[in-house]
Structures are given as structure tokens and as C-alpha cells.
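**Student:** This is what each chain is made of:
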Amino acid sequence: MTVPTTLVPEDPQHSTLEQSENAIELKEVEGLSQGRIVLRRFVRHRGAMVAAIVLTLIILLATTSIGWGPIPGWWPHTPQALNDVVNAGGKPTMGFDGGFQVGPHPFGQDNIGRDGFARVMRGTQQSLLIMAIIGLLATTIGIVVGALAGFLRGWIDNLLMRFTDMVITIPVIMVGAILGARFGKAGPVLLGTMLALVTWTTMARLVRGEFMSLREREFVDAARVAGASNSRIMFKHMLPNAMGVIIVNATLLMASAILLETALSYLGFGITAPDVSLGQLINEYQSAFATRPWLFWWPGLFIVSIALCVNFIGDGLRDAFDPRQRRIPSKRKMAKA
Amino acid sequence: MTTDTQAPARTPILEVDNLGVDFFVEGEWFPAAIDVTYQVRSGEVLAIVGESGSGKTQSSMSLIGLLPQNGRATGSARLAGRELIGLNHKQLSKVRGKDVAVIFQEPMTALNPVYTVGFQIVETLRVHFEIGPKAARERVVELLRLVDLPNPEQAVDKYPHQLSGGQRQRAMIAQALACDPKMLIADEPTTALDVTVQAEILKLLRDLRTRIDSGIILITHDMGVVADLADRVLVMKSGRVVEAGDVDAIFNRPQHPYTRQLLEAVPHLGAATFGQAGVVVGSAPEGAATSATTAVPLTKPAGTRADGSVDNAFEAKDLVLEYPSRGRMPAFRAIDGVDLTIGRGEVVGLVGESGSGKTTVGRAAVGLLPVAGGSLKINGVELAGIGAKALREVRQDVAIVFQDPGSSLNPRLPIGESIGEPLKLHKAAGGSALNAKVEELLDQVHLPRGMRNRYPHELSGGQRQRVGIARALALSPRLLVADEPTSALDVSVQARVLDLFQDLQREYGFACLFISHDLAVVEILASRIAVMHKGRLVEVGPRDQILRSPQQDYTRRLLAAVPVPNPAEQRVRRETRDRLLEEQLVRSGAHAPAADRSDVERTENGFAADAGARDAARQADA
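Residue numbers (the working numbering), protein chains in the order written: chain U, 4 to 340; chain A, 847 to 1468.
Some hints could be false.
Chain A stretches covered by chain U per the calculated footprint, using a threshold of three residues with CB under 8 Å from any CB of chain U [to be verified]: (1) 1011 to 1021; (2) 1212 to 1222.
Pairs of lysine-lysine, DSS-like flavour, derived with a Cα cap of 30 Å [as the list claims (entries may be wrong)]: (3) A:K944 x A:K1028; (4) A:K1235 x A:K1163; (5) A:K1235 x A:K1270; (6) A:K1223 x A:K1163; (7) A:K1163 x A:K1004; (8) A:K980 x A:K1028; (9) A:K1028 x U:K239; (10) A:K1283 x U:K239; (11) U:K239 x A:K1270; (12) U:K239 x A:K1273; (13) A:K1273 x A:K1283; (14) A:K1028 x A:K1004.
Simulated from the structure, these hints should not be mistaken for lab results.
All values reported here derive from a predicted model rather than from experimental measurement.
Cβ coordinates follow ideal geometry from the N, Cα and C atoms, glycine included.
This is chain A alone, in the form it adopts within the complex (with noise of 0.2 Å):
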């Protein structure tokens, strides 16, 4: 990569050598992690990447002594030559936090809420470090300002919640660089941040590596965000490292099947569009720019009136929603004035940071949130002040595939009678009928017949989706809300979940709402994007046109904050938003060096209060 990579002549910083986890399990030890052997060199970032369950993250928290109870660790890890396997709970405390620190994943479980952020990074300096409270404080300010936390006099005093997912996790790595650690530990440091967010955290991240000089271990499932950051790639799989190499060298030249494969699952923004045009299914509704890919013929002529003329699935006017108000607390306003047509057969791809509120707008299209202004109606029918007995109805033709397989799926039911259950209660289908159709639906989703009778737990994250899908599809719904269904399955599974989902729109010809937040897996599947914003609509468009030439700037910001999954290109976006953050910054007129800051991190920060609201808005409909 750049310069300051090229660095061979230093020395390793963490030698690791045959390391092995084990976990004892019903009376036996199960290996989790093998012969794991690997080298840091200070200022160098090694990413190690898998699915869950490959060990990349036991691996790395054994090198602490973070194992669980039943955990023991084997091999060799010597930190500046220095043995790290085997110390006692007294020395391995002393090497925590000062010579190794860790970037947790979850910034809000990781900062403890009772106390200030400064709080917890005086602790961490003082428990290492004979320092008076004073100098202390000043360090921590200095630390805050080192990560580019906007106001650190004042972000001193704050408390975790009071700060905006981004912010958190730049105090928490404040935390991990107070004691200038050798070695830096990030456990999928941005994967519970949005994708804007997460182009802030890389930079930062890489700024740092060349400021600190420390070594740092990168353990994600994005290889997008190892495309961006890392220098040298460990891929693991099932406890075994199948591939190491340079970055340039795994992504071009893969040589192990499984890295092949892994690289072939990842979404890559663009591929559709710049390259050869996947299949779009559906046609735009009337009025609407007509999508530049081919449409194939529905094959399910649904949504037809008796007079011919046909309803379109989905059609919002000017809607709002509200979450309403309790006690004190006043109504949230989520959305306001959105306008937009779904087509039927059409899939139209629904983007935005969280708390955009594109999930409310799924929600309101199953009827589980009401209307609260303008008009909303699915299949042609009205669902402002709609009565329970006309929704019931309009439930027949619409369903939902929720973000969470694990949660929306009743975990006492087995996955037969939850997949049935809508045809049950809509009476099409009763006795052996409905057993022939639960295995219908269990085939078209590639599930094996015997599964009907398992209970969710018993399920895989994606077997778990696909019966979340075989569910929705159960009364052939002419609209389909799938809000984020990929989001919590791993690369490779996801890109079969994405598989089927095609084949199935295909089959049915449903229209879908496909709400997510990762641009690159909405390309494949959507003939029309919308972009959402703080419960607006910034643009509606055809897909190309809104991949290709984005006419609103946060569309574009949006569009330059994914990483791809290729070292080069990324490298060219990254400048790109850089360049393109700096006009939107000179345009706006706020260039003094005092605002030194870019248009995306105000915005961030501009997130904190809004999310204020959101959390009072949850808890008011809780």
C-alpha cells in the first residue's frame, strides 16, 4: 500500500506460533482454533477475517487470557518477546490495557453508562500509570482530541449515552491508546456503525497507525473494511488459517478455494451496474422513469381490478408517522411527507442511515404502525383509519421478513407450524392440504421436509431466514416488505439468502420493499432505489441513475462512504470522498480552520440529539 507499509527491516512485535483454543464441552475438548501462527510488525495492520464461528476472535482474545471459564489456550505468543500464554491473572491485568489494548465491537456494552467517558479513560491511565488526577484529565483530553472528538474539554464529562454511536466509539478508542499500547486489538470495530460513520472510524483508524506506531490486529467479516485497512490478510476457517498473504496478493490472487469463495459472496457495489446488468424483474409504475434493465414478464397476473385497470402494491402520498405520544413525552414524528409508488412485480430497494426511519415506513405497510397523515394504500386499498376487520384483509396480500430470524420466530413453535400458520388463520388451507403446503413452501426454500418439526434454535442464522421467508411467502403476497432479512448472516450465507430471494421474486412476481442499509446488496436485487434521511425522501430513482449519477449530495456521501472489496478501487473512492467532502465543505461556506471538520462528522454529531429523540420515541411505544 502506501509508504509507510513498506517497512520489512522492522521486527515483529507479536510473534504468535501453533497457537490452539480449546473449549471443554460435555466433557471433552473441542478445538476452536488450531495452529494459528502469524506475525505483527509494529505499524502494520493484520486483518483476520471468517464467518462466525472460524475462531478469529478467540484466537486473538486468548493472546489477553479473555477465554471463557472452559477455555484453555496452547502455543506460543510473545509480545515484544515477551511469552503471553500461560501468565497468571496478575500479570496478564498488567499486560491489559498497556501493552495490549482492545477496540470492542459494541461501543454502548463496552463503555460502562454510569460513568463519564473521562472517567473510564482516568481509570485505565491510573490503574498502569502513577499519574495525579490532574495530569490525568489533561492526558484524556489530549486523547479525545488525538481521535478527533469534536469539543474534548466538554466531551470529558459526558456520559456514554449522551454521545452518538460514532463518538462512542471514538472514546472507546481514547480508551485503548491511553497507555500507548504495542499492540491494538479491533474486534469488528465498525460493524455496529453506519456505513457514513464507519468511513469516519477507517480513516481514523488509519490515521492513527501511522501516528502511534503501534501494531494493530483488524478482526472483521467485511472485506470491504479489510480492503481499506489492512496490510497484510489472515482468512480463517473452521478454526484453521487456510490463507496469509498481503492484501494486494488475497485479493488479486487468491489461491485457497475458500478465499475464492469468500471474495465471490461479498456484494460489490457497482458490479451490476458498471458491469454486466443482473436480472431485474418488474416493471416501474406509471409515471415513473422506466428502469434501464431488461423486465421480464410477471408471471402471476396479480393486482388486477375487475374494470382492468391495475392497483399499484405499494402507493404513499405525503405520508407521515408518528410514534405517538405517552404522558409527557410528545408524539415522534419518524416520517414526514414521503412520497412513493411500488409498482406491482416491482422490487424497489429502500436505503438510509439508522434511524432513518425506512424501517417504520416497512412497518406501516404491514399495518403495524398506524397513519398518522396522508394517505398510504397497499394493493389499492386505503390504510389511513383503516378498521381491524379491512385489515385483516389487506394482511391476506402483503407480509414481512424481518431483520431477525432469531427473534421473529416464535423459539416454542416448531418452524412446520410457524410457516403454516398464516394460511391457518386465513383459512386457505387446513388439514393435509396445509401439510402438503408447509412442504411446498420448506422445498421452495431449499429446506429439508424433515426440518418441519425442529424448533428454531435448533436452526442455523440462514436456515432461520429462509424459514422467516417461506413464512412470508405462504399466502403468495402480492407485496413483500423485506427489511433488512441479510443483515445478521454471515457473507457467504447471505449470498445464498440473496440467491433464492431472486428466485423466488422471479417465481412469484411479488412487489417488495427491500429496506437495507448496505447499498451493495440492494443493487443486486432493486429496479428502483430511494435514498432515505432523517424521515424524508432525498431521491428516488432508477437504480443506475442513482448509482451512476446521484443528484443529492447525501446520496453521493453515501455512496462514497461503501468500501469495496478491492485494496486499488477503494484506495481511488477514498479519494474521491475525500475530494468530494471538501467541496461540500468549501460550499458551504464553513472553512475556517477553527471547523476544521467535515460535513459528515457534524452531521454525526448532529445525530446525538436526534437520537435522543429516537430512544424517547422507542420508549414511548414501549
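Here chain U stands alone, though its shape is the one from the complex (with noise of 0.2 Å):
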């Protein structure tokens, strides 16, 4: 019993140290919802968050400005009114003159003096809801299809995943064609939801993969216990838990579809004239590229800025839902501090 002893008296800085070590664990139990940690995590994701604001102004700019339905907007050109043409050959403008300047038609006119911004905020108008549609509308039958599927398994996720399986050989741009070409007239709402009803089988995988390995999990048989049925556990307990997979793959779902109504159109089954929108007006003005290229560069720039912003926000979602994914302080911070 000769082996020193050490022994840590109860000394001031020891108490100190004990206070700091339980403001450490007060900081991380600061009662904080899943859903609030996520929101920190998109937060502090740069690229999503500019992508996000983006995104909003581009709706913004396209809803306020030539009006949404009976509601007028605040420009005064209709996409359809001809106008006298101002420049020469319709040529913007917008530019620098002796300063910066908007002028009457700033995205130019085309050559029977439409004005190029309000069709441009016309087929954004269309684009965006197209959009909005498939992502809403595939996402609800793949949540439903592959929570079925995943859940009860057997027969049912035998029958559920050939169908899946078969729609997935069917080519979409085919599909799409031949709906567009019966449905184009018929407007965006049919258009979108004849898409979606393609566009749903990634999303049905994903989730049937989530649910079989949830259906796995301790809380589930906890709420069988519980005395729970089966449509509560499907529901209540393992959706909000695929919600993070459901989320990141539903953005990056609208990111496709909104292409994807841009290749239809420009392939001239989407949106037929004289309806806008952004793959259509491509197209109508693919033959006045040499001549009026601002009439195909405007829409194109917003094609790209949707999309970007769409897919840059999956991505910032993605990692905002992925706990896994663990900032590494740099190392000049960590030096400084």
C-alpha cells in the first residue's frame, strides 16, 4: 500500500470546471425539434440558402408582374397584345445608355411586337406550376406505393414492384409526347399530372427501401405492443421518420420535371401555342436565334436558374437531414480560438 494516491480535492477550479461541463450538456439538450435542427443545418448551408432566396424572387417576379389568374399584375404588356415595336428588330431595351435603364421592353419584343419579358414571366408562370404538380402529385403515389410495398410486404410488394418495374421501362419523353401531343391543349394541370403518373417510380423504390428497414426498428414493435394498426404505424410512426429521404427526392424530382416540361415543349408536346411557356418559347423562337438571340437567351437563363436553384436547395436538404454529415472546423478557426 505504498502506490501514491492522487486525489482531486473539491478545490474552486474544479467546481468550475464541473459548471462548464454542464453547460456543455445544457447546450446540447436545449430543447430543440427535429425539425429545428434541420432548419439550423440549411441555414448555415450557403449555397442553398442564396439558391432559396433566388427561387423566391424568381416566383415573386412571375406572379406579381403580369398578374396570376383575374388578379392583374403591375407591367403593363399582356404576353399576347402586339405592340408597336420600339428598337429596332425588337431589340431590348434594357442596357447602358448614358446610365442604366429599363425602358419599355427590356427583354426586347419579337418580330410581330410581343413584349419579351411579360412571355418570359408568362412561361415561367406555367413552368413553375408544371412543376409544382409532378413534384406533389408523383411524390404522393410513391410515398403511398412504396410504404405499401415496403410494409406489408409478400404478395403485395411482389404485385406493387413489377408494376413499378414496368412503368420504369416505359422511355418518359415518349410518354410524354404522346400525352402531350392529346393533353398539351389541354393545359398545364392535365400536362402535369399525366407526368407525374411516370415520373413517381424512383420515389416508390426509395421509399419502400426506407420502410423496410424502419419496419425493423425497436419503436415499431413497441407500437405493435402499444396496440397500435397498421395504418398508424405506417403513418404516424415510420413516415415522419422517411421524411428526410421523402423531402431531399421530392426537390430533386420537381429539379428534373422542370426540365423535362422544357424538353417536351421544345419538342413542341407540351405547351402549345398559344400558351407560353419556357421550352415553348425556345421553340417558337429556335428559328430567330441568328437574328433576335435575346428572344432565346431570356427564357433560357431562367430555365437554368430555376433548375440550379431547385437542386441546389435538394443538396443543401440532403445534408441538412443527414446527421452523419459533420461540419470539420477549419483550422485557422480552430487555431484562433
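Fit the two chains together into the complex; they arrive one by one in their own frames, and the hints show the way.
**Tutor:** Below is the structure:
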């Protein structure tokens, strides 16, 4: 018993340590719901935040400028009205001519004098609408199919998944072309619905996988012992836990939806004249590319911006929902502290 | 301890001075370990004990630069005179594996599943030495023989999944020993193993210490392991060393209040049976031998039928449970012919190694697994072939507390909702009555009422398990299945949860099937104990009989393998165990020198094949 036995006395320094220890703990258990944690991480993702702001601005601009439905906007021109051509050849009036000026037709005019800005805004409205419809509808179908297949398994799973496989084998662009040719004139709502019916497959497979792993978790057993029915287990217990995957993929689905609409409209199968969408604008003006390039550039710019923004937001959400992603502080920051 | 440890003349091989570890969190440095100072001599085992978060692992990992990217180490650590702190990456990788080797907790995740065991050890050798492939292979076989792996020539070419848990840990140890390290860091080397396998690995480590002459740092939370293996002990709390001393001093004359608290919290096998008997609630069912301890009258006359007769809470007759066949995979029979009865208000402990089927029985009792054969009656209702609606009725009176409180609570539900769910679903309470009942339940498990709106991830492990218990008690069940409710908790937390459990059992008077691999925990709670082995009941009897005079060899082996947190007593137990194994070896006629291997060892190897079947069953279920 000659071995030194070091004792740490309860000195003031020690108790301050204890306090700081508690401080860490408090910091960690400060009442944060899962949603708020995700939001906090999302806000820290710079690219996603910028994209969210830009997308909001685009939506605001598109809806307020030429108005939405019966509500009038603040822009004097409408997409279809024929105006006098201001600049030679319908050149944009926006530019630097002894100081920045917008002018009456900032995005230029086409050969019959229709206002470029109003048309691009209308096109943006239609494209966004189709994007939202595809996003919501395809996600819902995907969730229901995937959840049933993943939770019930057995022959229902087989049936639903073989059906999904069948839908996957159909080339979307071809279906879109046929449906578009039939329903394109019926407007964006019907077109969006038809496209949603062929784009839900990825979501269904992801949700199925997620549900298959979730149903093995103990809290599902716990709910079952507590007396929960199958539908309650699926929608109250499992769905909220799969929400991360669902939200992320819904965003990515939307990004591809807007490109799909553009592609169809460009091929002449989507929205058709006299109505306007971004892809349809490019299609309509492709012959004018050499003479009036602005008619081509502006819709293109909006397509790229919207698709990029939605993709960035999806990226930010994926990072925010993934708890394994931890930010490694920079060396410089660590050295400073 | 024994002679080899009394060598104070030896110079320290590792000297750690004022070692500090900090982590950079949210713009500030938080200390994980402060002023840690110790020395390790060659051939000496230094145990670092403490609860999770005490900094015991991080302070040791910092020696070889295995800190996360946002961590930093300060102070000094000299290995044979050479400073380790502040070495760059290249210098460190020369030290790692060669001078300092690590045995990790989880041999399955620490070994790469796509390479053979031999390949991985050869790799370690060839990184540090210039050695030909053939010579390296010979050396590997030699190492595998050193760690007592059966058939080393064949084991070299096996993949990790072809070995049992204990064999994998042996392979890990062989890899760690490959380059004759001066220091060996063993991070909870036996925590993931069964108690009989743990005893074998501890025996191996003890043998090795005298053979390889390295210093060993043993990181553990298990006081029994410390008592079995360590020469000196370092107790850590909140990043600081609170007490250091040799193993006898720490166990017999602890100075710091925290050390004393830690030692008191450890369940000590034999404490209740051989010392003063703990209070055991409940009465044995008719026909079963009554417990020797006092039975406290029940507070709740549950389970009485209209005609006055009493149902047993749990009654299994020739019970067979199977994981159904799936595709080409045949059905796996997890439970075969089990007879077990639990009277109302009685606590029965079900013990056994992993894979023995004890959890399967628990899951069947709450209707999570269909009965494949025989009969299983819960509160008088037959579960074999039961319909969904009748099962719902049965579930009003049974509840289960799961092993892992982290995964058994829905992470997206506030805990108040989780607790109230059974009440809501069985329409036992609603609206403000539900609120009041949830608050009452929170009070009963000693959680503040304000916590009801918190989410599970904001709670500590012990708090979460309290929530799990509160949920299980919501409907005042007549039978509670507790599936290793404390095995995921720290010792002091475990002690508090067990106390709570006992209080609640007394108050509610529920019958309980308490499943555990820890005999010391079962001893505290149960009035009768059932021992399972490979899907069959080996022995059932009153607690004292099972613990004091077990009839079956398997029960005896299981008992002998439990390390006891007292160095002197553990030494005696160890010798008893060795003798026991030898006797059994002689009796089984396997005393030829070629088969000079303990009985347990062979069972352990037998498990490898078993483990395969088990995995298949699990996959079939998934």
C-alpha cells in the first residue's frame, strides 16, 4: 500500500470545471425539435440559402409582374398583346445608354411586337406550375406505393414492385410526347398530372427501401405492442422518420420535372401556342436565334436558374437531414480559439 | 497480485504527463481530458475505468493520434523516452501497430470483412518489416497459435464472418501482437462478448501478459474485468483522474467518493444470495418450488377469474418458436420444447448467452412472434393461433421494455406522446385524463413533467430507459417482459434504474420475465431463474438454488465465468473455474494432449456454425 493515491480535492477550479461541463450538456439538450435542427443546418448551407432566396424572387417576380389569373400585375404589357416595335428589330431596351435604363421592353420584342418580358414571365409561371404539380403528385403516389410495398411485403410488395418496374421501362419522353400531343392543349394542370403518373417510380423504390429498414426498428415493435394498427404504424410512426429521404427526393424530382417539361415543350409536345411555357418559347424562337438572340437567351436563363436553384435546395436539404454529416471546423478557426 | 507484477525496479515504458484532450465544438474548445498523468511498466496492466464520457478512451487514443479531426492533444506522453504528442502523420503511422497496438471493442467492425484474417495480419507485418510473404504467413500461423485459435493453419484463410465472436477477438489480438508492440491498448476488449467467452479472452490476456512482456492499458467500465486482470487502476470522471492506485487499494480502500460510488453501483454476483437476502416480491406458481426468501403480499389482485381461480401470467408448455422459412432458406427453430411458468406477481430471470433464444421467448410473450408449436398462455389466453382482435385484447395486459432505449422510442415523437400512446390506443384515457396520467407516469419514473415535450435524442440513456419503463407501465400490465433493460447503460445509471424497477414492481405487483445475460443483475431482481442454452431450457429453479447449487454443467460454467468486482474473490473464482473446466474435460474423455482445449472453447467454436444459422434466420426475418 505504498502506491501514491492522488486525490483531486474539491477546489474552486474543479467546481468551475464542473459548471462548464454542465454548460456543454445544457447546450446539447436545449429543447430542439428535429425540424429546428434541420432548419438550422439548412440555414448554414450557404449555396442552398442563396438558391432559396433567388427562387423566391423568381416566383415573386413571375406572379406579381403580369398577374396571376384574374389578379392584375404591375407590368403594363400582356404576353399576347401586339405592341409597336420600339427598337429596330425589337432589340431589348434595357441597357447602358448614358446610365442604366429599363425601358418599355427590357427583354426585347419579337417580330410581331409581343413583349419579351411578359412572355418569359408567363412561361415561368406555367413551368413552375407544372413543376409543382409533378412534384406533389408523383411524391404522393410514390409514398403510397412504396410504403405499402415496404411495410406489407409478401405478394403485395411483389405486385406493386413489378408494376413499378413496368412503368420504369416506359421511356418518359415518349409517354410525355404521346400524352402531351393529346393533352397539351388542355393546359398545364392536365399535362403535369399525366407526367406525374410516369415519374413516381424512383420515389416509390426509395420509400420502400426506407420502410423496409424502418419496420425492423424496435420502436415499431413497441408501437405494435402498444396496440397500434398497421395504418397508424405506417403513417404516424414510420412516415415521419422517412421524411428526410422523401423531401430530398421530392426536390430533386422537381428539378428534373422542370427540365422534362422544357424538353417536351421544346419538341412541341408540351404546352403549345398560343399558351406559353419556357420550353415552348425556346421552341418558338429557335429560328430567330441568329437574328433576335435575346428571345432565346432570356427563357434559357430562367430555365437554368430555376433548375439550379431547386437542385441546390435539394442538396442543402440532403446535408441538413443527414446526421452523419458533420462540419469539420477549419484549422484556422481552431487555431484562433 | 501474482509474482510477475511485483517488479518495481522496472523502468516505465510509457510516461504520460499532464495529458489533455480538447474538442472544438461550436467555436469553442471543450476539454475531454485534463491533466492525465500516469506511467505503465512493461508486463503491467493499467486499467482506466470510468463511465461513458469520462475521457478514458479519448485520452488513450490521443497517444497514437487517433483523435477526430476537431480534437487536439496537449501535454506529454513518452514511449520509451520518445515523445508521442505532436508527431506528424507519417511518424505516427510508424508508431501505430508497431510500437503501440490497439485491440478494439467490436471485432466485427474492426476487421475488414472482405479480406481474410491472415491477409490482414500479414499486411500489418509487411507494412512495418521487410518480410517475405511466405515468412509472414508462417509468422501469422504462429501468432494465431499464440492466441489459442483452433486450427491456425486453416483459420489463416478464413474471413471474419466465418469465425465466432470470441475467435474474431482472438484474431484481433493476434493482429495487435504481430509486431511485438511495446504498448497494447485494449479498448473494452470483452464488452461485446458473452460472459463465458469473456472469461476465455480474459484468461488469454492474462497468459499473454506474462509471455509478451508489453505494457497493457485496459480501458473498461466493467469492475469485474478490472478485478480479474489489472495491476493498477486509474479512475476517471469528467475528464480528470480522481484516483489512482494498485488494484487491491482501489477495491478495498477506495479514497475518493466517486470511486466508492462506482464500486457500490456494480452488481456483485452472490451479494444477495450469500449475504443478506434482498426483498423478492411475488409467489411461485403452484407446483413450482417456492423461493426461500420472504414473499411480500401483492398490492393488486390482478388476474383473478370470476370463479376465483388464478391464472398464471405466463405459461409455456413444450413451446416451439421458429423464424419462418423464406425462399430457399429453411425455417430456423429458435426455441424448442420450453416449459416455463410465471405466477402472477412473480419475477423470473431468464439468462443465457447471445443466440440462446431468450429474447425470442420475450418477443413471443407479447405476440410479436407467432407460436409455431406447443402452447403459450399469457394471463390465461392461448397465444397459439390467436386472431388479430384477440391479440389486441391480450396486449392490454402485457408490455415490454426493450434493450436499447435509443431505438425503441420513435425519434420523431415527443416522449409524452410515446408514453400516452398505449392509453390512447386502448381508449383507457383521453383528453385531460390522458395528460394527467402521462404526468403521473413521469412522476413515477422520477422524470420531471416538463420533459414530456422533449424528443428522445435530447435525453440521456438512463432517462430514455425510464421513458421506456413508463410506457410499459401505462396500462398497468399484469405481465411485463424486460429484455435486457439495463445492458446499454452505465453502471451507476444501471443501479438507479434497477432500484426504480424494484420499487415499481412492488407498487404495481406485475409479473415479470426479466431477460438478461448478467447473472448479477438477475440475482437482484428475480425470485426464480431459468437458464437457456441453444433454444432449450437447461435448468429452472429458485434463485438461491440456481446460484448456490446449480445442477447442470452449463449453469455451473456460466456462473463461474462471471467476473466479480473483488480481486481476491475473483482469484479464487478463477481457480475454481479452471478446476471445473478440467473436471468436465476429464469427464467428457477429451484429455488427449492434442485436444488440450477447454470445453467452453469447443462450445465457443461450435457456436460459429450456429451463428451462421442465426444470421440466416435473422435475414429470413428481415
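**Student:** Against the earlier hints, flag every one the structure doesn't satisfy and list their numbers going up.
**Tutor:** Violated: hints 1, 7, 9.
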